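> Given these sequences and hints, build the entire structure.
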Amino acid sequence: MKGALFLGWRYLAFHRFKATILTASITLMLFLPAATRLLVSDSAAALTARADQTPMIAGSKGSPLELALNSLYFHADQPPPMPFNLYRELRDSGLARAIPLHTRFHARNTPIVGTSLDYFSFRELQLASGRMIGMLGEAVLGANAAASQGLAVGDSIISSPETVFDIAGVYPLKMPIVGILEPRGTADDEAIFVDFKTTWVIQGLGHGHQDLEKPEARSAVLNRSDGMVTANASVMEFAEITAENIGNFHFHGANDEFPLNSVILLPPDEKSSTLLRGRYQKNDLGLQLIVPSEVLNALLDTVFTVQNYVVLGLIILGLATIAVIMLVFILSQQLRKGEFHTLSRIGASKSFIGTLIASEILFVTFFSVLLAFALTLAVRQYALQILQLFLSL
Amino acid sequence: MIQLHQVIFQYPTEGSFRLRVPDLQVADGECVAIVGPSGSGKTTLLGLLSGILGSESGSIRIGETELTGLDDNARRKFRVRHIGQVFQTFELLHYLNVAENVSLPNQVEKTFTDQQHLQEHVVRLLESVGLGEKAKAYPGELSQGEQQRVAVCRAMFNQPPLLLADEPTGNLDQANKQNVVDLLIEQARRNDSTLLMVTHDHTLLSSFSRVLDMPTVILQGQDTGGEP
Chain A
2 MKGALFLGWR YLAFHRFKAT ILTASITLML FLPAATRLLV SDSAAALTAR
52 ADQTPMIAGS KGSPLELALN SLYFHADQPP PMPFNLYREL RDSGLARAIP
102 LHTRFHARNT PIVGTSLDYF SFRELQLASG RMIGMLGEAV LGANAAASQG
152 LAVGDSIISS PETVFDIAGV YPLKMPIVGI LEPRGTADDE AIFVDFKTTW
202 VIQGLGHGHQ DLEKPEARSA VLNRSDGMVT ANASVMEFAE ITAENIGNFH
252 FHGANDEFPL NSVILLPPDE KSSTLLRGRY QKNDLGLQLI VPSEVLNALL
302 DTVFTVQNYV VLGLIILGLA TIAVIMLVFI LSQQLRKGEF HTLSRIGASK
352 SFIGTLIASE ILFVTFFSVL LAFALTLAVR QYALQILQLF LSL
Chain B
2 MIQLHQVIFQ YPTEGSFRLR VPDLQVADGE CVAIVGPSGS GKTTLLGLLS
52 GILGSESGSI RIGETELTGL DDNARRKFRV RHIGQVFQTF ELLHYLNVAE
102 NVSLPNQVEK TFTDQQHLQE HVVRLLESVG LGEKAKAYPG ELSQGEQQRV
152 AVCRAMFNQP PLLLADEPTG NLDQANKQNV VDLLIEQARR NDSTLLMVTH
202 DHTLLSSFSR VLDMPTVILQ GQDTGGEP
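Keeping their order, the protein sequence lines are chains A and B.
The first sequence begins at 2 in this note's numbering and counts up by one.
The second sequence begins at 2 in this note's numbering and counts up by one.
No wet-lab data here; the hints were simulated from the structure.
Everything numeric in this text was worked out from a predicted model, so none of it was measured.
Each hint should be verified, as a subset may be incorrect.
[Unchecked claim] Straight-line distance between alpha carbons at most 25 Å, and here's what the computed SDA-like set of lysine to any residue pairs gives:
| hint | chain 1 | residue 1 | chain 2 | residue 2 |
| --- | --- | --- | --- | --- |
| 1 | B | Lys111 | A | Ser360 |
| 2 | A | Lys338 | B | Thr90 |
| 3 | B | Lys111 | A | Arg346 |
[What the hints assert, rightly or not] Output of the computed footprint for chain B on chain A, the stretches with three or more beta carbons under 8 Å from beta carbons of chain B:
| hint | region |
| --- | --- |
| 4 | 5 to 14 |
| 5 | 341 to 353 |
[As the list claims (entries may be wrong)] Simulated restraints on C-beta separations:
| hint | chain 1 | residue 1 | chain 2 | residue 2 | range |
| --- | --- | --- | --- | --- | --- |
| 6 | A | His342 | B | Gly70 | 18 to 28 Å |
| 7 | B | Gln145 | A | Leu313 | 47 to 57 Å |
| 8 | A | Gln334 | B | Ser39 | 26 to 36 Å |
| 9 | A | Thr366 | B | Arg82 | 27 to 37 Å |
| 10 | B | Leu71 | A | Arg17 | 39 to 49 Å |
| 11 | B | Ala28 | A | Val370 | 28 to 38 Å |
Glycine included, every Cβ here is placed at the ideal spot set by N, Cα and C.
Here is the structure:
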């Protein structure tokens, strides 16, 4: 028995290339259907878990899926902006707690999430170090966002300009990091949180510059008339909001029209929820109200249907692979007739030769199953990240 | 002593070759060449002696063992332990190195359980044929002469009392033929083994103590050879 196993092992070791191809084929045949099912089911659970915790989202009319994914994961395509006054209306309706979200900007490819302090209590985010946002321009980082960039409380992070050559576009804003959050295993770990008004400063809707009333700014003033001051390009703009210069920051225009991406709505009860839907689901305000779990379940229904077709295809492919592998083994045994005849003449029994053939099949199958199992475990471990990668969540 | 008496063997196919050996004796330590035209039963005779083939009737006795009284499995075990075989095309396993090929009988039927002793034994065998340095080489890396020497070492692995060689020089050039015959005879003598070698090459017969002419063995039940 041991002798036959040894010979089987040595045969495979000598024919490494052939054995590797066989092992890889069987591994893929086992792994792909298992991984597809696991990936879909685990990821579906993870996806719906965050959606289930978010009762309702309001945003401008457009793709509900885009609105849900952007509001939950910050990475998806931007939904059309909604004006700030609609947030105020929702907030003041008394039917729900309203949490604004503005996720248009990034710093080093990490999303900057403009929101209010309510967001942290709603998502039960705890500080690992530092403090919460206390002032315009300050940032609190998710655990992974801080770790991956080697940032800590006391450091700063600069928002990325959207276009380098657009002089009227978004300018970089240096934001001091005042807190790092505990890891939660959600999209919050990957984000930079600021007050939503800070994102308006990044967008250029608000800015800060030297006081034009002071004598040292006299050379920068071109004209003063009817309380209006016109300055030239030499006026010093602030790229960072500090306790000293915050008084010089101001917004131009009516903030009613300032943009947000969405508003998370937390109705206290079913009645409020129904009233909200009744009032805002069909309206002339350009607003849509979605229940994220419903939107994601609709997506997952499609995913599950596709998954069934994919698994069916993989099973058919697997059966074809088995047929090819069997053919390879049978042809291999034909070619090795002489070798088995030699073994028989030396004194090997039929069971010895049978064990030798079986051992080769068993070794290949064993390593394939082991490899497929390890790969499936890895997929289980990283299911959410993989799905996020594919769906850009 | 090898003794065959009234042995009859026929292949299962109807009308196929039938071998009848009335009487044949080979003394211990003899080195015997078996000659004869193709189809005269030389290989069949070796098959009967090695126990690969079972005779229909008669008696085949090797030493104290009566082969005709053994079943297939017992004959197989006897073959591994007591009979060394060298084949015409060497028949080394291409995926085993030289040392592993030599110890192949030990994989089939364990005679060495101690790895250290096994390795020492293999090295001794290889050194005795001048291949001590080639233990890790694969058959594909050896010349034909070297491959045949490895095959001889494999046959000698269990120090068998009977060494059977079926045209081991058939694929070799003249110089290598004589070398292999000399090597077989030397190994047989060193081990006190009886050597029976089938050959078509009459130039090699002078090395043997006796020559068996197969048609004569079958027809008359006795050998016609003698001291060459």
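> Falls inside 27 to 37 Å, the C-beta gap from A/Thr366 to B/Arg82?
Cβ of A/Thr366 to Cβ of B/Arg82: about 34 Å, so the range 27 to 37 Å holds.
> Can you tell me if the region 5 to 14 of chain A counts as covered by chain B, using C-beta to C-beta distances under 8 Å and a minimum of three residues?
holds (count 6)
> Is the hinted pair A/Lys338 and B/Thr90 satisfied, with a Cα-Cα distance of at most 25 Å?
holds, 14 Å
> Would you say the region 341 to 353 of chain A counts as covered by chain B, given the rule of at least 3 residues with C-beta under 8 Å?
holds (count 9)
> Does the hinted range 26 to 36 Å hold for A/Gln334 and B/Ser39 at CB?
About 30 Å separates the Cβ atoms of A/Gln334 and B/Ser39, which means 26 to 36 Å holds.
> Would the pair B/Lys111 and A/Arg346 pass a check requiring their Cα atoms to be no farther apart than 25 Å?
Holds, because 16 Å separates the two Cα atoms, which is no more than 25 Å.
> Do the alpha carbons of B/Lys111 and A/Ser360 lie within 25 Å of each other, as the hint requires?
holds, 19 Å
> Do the Cβ positions of B/Ala28 and A/Val370 conform to the proposed distance bound of 28 to 38 Å?
violated, 58 Å
> Can you tell me whether the CB distance of B/Leu71 to A/Arg17 sits inside 39 to 49 Å?
holds, 41 Å
> Between the beta carbons of B/Gln145 and A/Leu313, is the distance compatible with 47 to 57 Å?
holds, 55 Å
> Does 18 to 28 Å hold as the CB distance between A/His342 and B/Gly70, or does it fail?
Between A/His342 and B/Gly70, where Cβ atoms are some 26 Å apart, the hint holds.
In summary, the structure is inconsistent with hint 11 from the numbered list given earlier, while agreeing with all the others.
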